[in-house]
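From first to last, the protein sequence lines are chains Z and E. Letter 195 of the first sequence, counting from 1, is numbered 1658 in our numbering, and no numbers are missing. Letter 292 of the second sequence, counting from 1, is numbered 293 in our numbering, and no numbers are missing.
One should not assume that every hint holds.
[Said to hold, decoys possible] Within a straight-line C-alpha distance of at most 30 Å, the following computed DSS-like cross-link-like pairs (lysine-lysine) qualify:
| no. | chain 1 | residue 1 | chain 2 | residue 2 |
| --- | --- | --- | --- | --- |
| 1 | Z | Lys1728 | Z | Lys1701 |
| 2 | E | Lys181 | E | Lys113 |
| 3 | Z | Lys1536 | E | Lys118 |
| 4 | Z | Lys1557 | E | Lys113 |
[As the list claims (entries may be wrong)] Here are some chain Z residues pointing at chain E (derived, C-beta under 8 Å):
| no. | residue |
| --- | --- |
| 5 | Phe1515 |
| 6 | Pro1535 |
| 7 | Lys1536 |
| 8 | Met1542 |
| 9 | Thr1546 |
| 10 | Ala1548 |
| 11 | Gly1562 |
| 12 | Thr1565 |
| 13 | Arg1613 |
Derived by calculation from the structure, the hints in this document are not laboratory data. Each residue gets a CB set at the ideal place from its N, CA and C atoms; glycine is no exception.
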Amino acid sequence: MAQVTLENVTKVFEGRTVVDELNIEIEDGEFMAVVGPSGCGKTTTLRMLAGFEKTSSGVIRIDNKVVNAVAPKDRNVGMVFQTYALFPHMTIEKNLLFGLRTRGVSRAQARKEVAEIAGVLGIDPLLGQKPSQLSGGERQRVALGRALLRRPDVFLLDEPLSNLDAALRTQMRFELKRIHAQFPVTTIYVTHDQVEAMTMADRIAVMRTGCLQQLERPVAMYQKPGNAFVAGFIGSPKMNLLPALVTAENGNLHIELLGARFDKKTLHGALVHSLGAGSMCGFRPEAVHVTDHADGTLPRLRGRVESVEPLGADTFIVVRVQDEILRCRCAPSLELSVDDEVWLEIEVDKVHVFDSDGTVVGSET
Amino acid sequence: MEATISPLVETESDPRHSPVFGRILGSRLLTDAILSIFGIAFFVPFIWLILSAFNRDATAGFAGFKFSFFNFSDAIHMGAGRAIYNSLYLSLVSTLVATVGALFAAYVLSRKRVPFKGALLVGVLFLSALPSSLLLIPIFQEFVKFHWQNSPFYASLALASASLPFSIWIIKNFIDQIPKDYEEAASVEGANDIRILRKIVFPLTLPGLVVASMLTFVSSWGAFLVPLVLDTNPNNIPGSVGIYNFLSANAGVQYGPLAAYSILFSMPVIGAYFVSVHWLNGGFAFAGGVKG
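Just chain E, with the same shape it has in the complex:
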């Protein structure tokens, strides 16, 4: 007996169930195709970057490839080495200052009774959203007053202060998750606040510190306006500012050295990423000391 087949009823003879035919017309292939287009669109600039860095005759497109390390030596010759060193200095100093300062502030905000704590915390949160460029002019005026405008050290401090609110927020939320029992147990054992911070809080907060310092490092590494304005000494130009040397009007855009420079400039951040991944894979190990 032949039953009337409605389009929605699936039967074996339905062509939509043929393995090949079905998959071609199925939505899965379409999704894959669209996503592939996006993927390629994102990948192409990276591929161009890597190719151009090793291409003696690099242009804005993909024409002509002559393998050479010349671009790298040219970039270094034009000051990439010094620029990366300056960036490292700025980023490392600002990270150290911001993270250490944030740790102390976060500990107090998390554990101690502070008047107007709620308002303080909201204030910190708002400050972290404040673009540093807003304060740049008044800060610059103060820098001039103190004759700080040629020093990478003070520029680092400015960068640190830009990252400080968010670091405080991250670390404080991290410390909040550590059970107070450990610190209470330590205080019963006779430890004062400094010892508790050093021996108990700091080791347990390490993953949070890694997160906060990574964020500060990357943000300082990419900082453009703050170091540009606050440190006018051409010897102190960090990588983010120095890259503009390759876009000078007289020589035109030198794509090869530009690409090589970009890759050199990215290396430390990528390295820092791998370091932090190793640290964070150690896990958030305050489980085990408390309860079962």
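Next up, chain Z with everything else stripped away, as it sits in the complex:
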């Protein structure tokens, strides 16, 4: 169990900065998800934590000890690889015994511990088989078991669910969370799937092109994204990000969005940057109220339904407003069809405003 700190960690590969001045502090026992699109540097960061890559600059601390120069075998981390990396020429039992025997645990004691973990993870019947005989989910469990047997200070998981089918992924998310509750080891979980991050993590670190975009608890990040990128990345379906004309007046923002005009109070009279062209407004699919008649006092957009996606409890519609495509949630009882005219009533306090470089405008960050 240990705290993990990354201080100004930078990694440069052949002139390209893959990780840029990363500063993250992970609490002891915390489950932190590191998310971002492909190429954002999250796997490189994980590999630097494991010791497979050297930092170009910056300090990595595990349990308050600087580990930059410490070899992977001495860092006491447990790692689950995206490819599981189970030794193909050994049986599952031998795979699990490998680490224990390497560290000098007696054969009898090691077998006992392996049997125990196998019981917890439900992999007892697999012990005599080879990795090639196992399914993806089973291999994943074995990889987890191997990491757990390490009794490490830190767990590093590199997209462990990405090779599983959707149903298995949902089930394993629940199991991983359960295991973390049972063995509350500091965990760093890398994924490109924001649903995994949202459902499993205590805190999420969003990365993009090597830079940390925001570090926050899931629900807070959802409600108050730190910039346009995080706003568009977190949340499914994605937030609608639309061009808008925004001007500042007496501590209020005056917004013109696709034909609707409304004012938004800035919180605590927050400083408003000078807004140039390219400002954007964002609101989530559930932040609009879809109606088929135009009345009421809320600012509204008028559009035409392009597609209806009924999911049972909710229905999502794709609406064209002027030249923009929006995705909105509506009640199934509305029974809309393609080409219907709809009005989208905007809940102003759920609107996020971003200026042209994606910075949040007018709310505390």
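With the hints as your guide, set chain E onto chain Z.
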């Protein structure tokens, strides 16, 4: 109505489509005939070899056949047994040294950061094309200096060094194909380089090691010039050199014992071939530990 039949139009009445007639004139039979001639040309010496080995009155041709094992006993009497033992010694020692050395070198070249690695690898490749006879004289001079010229052991080392570059190349390319994940996983489990080599890399590289050692074995088995020059002790003559005893000027060419000797000399290599086929049929099994 009768249509004009052009030679290229195929109709049922066309004689080229008669089953028998067509196949005789078809190109298939011609190809078969030519290939058969080549096949026979290749086979005839082997047939002669086997026949002559068991033929008491063996000659350069196929005349007269008197079945006997005498040729084999004659060959053994003339030193075939000792020669094959010497060949085995040379080949096994050189194979062991070359393969083990190549494994270590290949692992480092594949996995570790080495200065001027590119140049090193190209150098290794060029060295593997270098004929050992080029270096024979300077090596012989060094052998004399160290008084190594009567030892089969040092001759084996010379043979090993001739095979080392190519073995390194083969094994390195083999190790390159093993996903690094396994070694990284092992290092996270606390294993140092030696343990990783022993428990992970070595078992997974086994097919490549079999290939490299087979090649070294066969190349050392057939080596003539190197053992001839570097080991002047007549007791240490390997089979490849010893065969010349049967071509001595005074007795003329003794075809029978020569053929018997050749067959005896070929046996270990053929045996090694079957062993390696069994190993390689085990497949290149690093699939299964990684991904799906």
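Evaluated hints:
no.	hint	verdict
1	Lys1728/Z to Lys1701/Z	holds (24 Å)
2	Lys181/E to Lys113/E	holds (11 Å)
3	Lys1536/Z to Lys118/E	holds (26 Å)
4	Lys1557/Z to Lys113/E	holds (27 Å)
5	Phe1515	holds (6 Å)
6	Pro1535	holds (5 Å)
7	Lys1536	holds (5 Å)
8	Met1542	holds (5 Å)
9	Thr1546	holds (4 Å)
10	Ala1548	holds (4 Å)
11	Gly1562	holds (3 Å)
12	Thr1565	holds (5 Å)
13	Arg1613	holds (7 Å)
Checked against the numbered hints given earlier, the structure satisfies every one of them.
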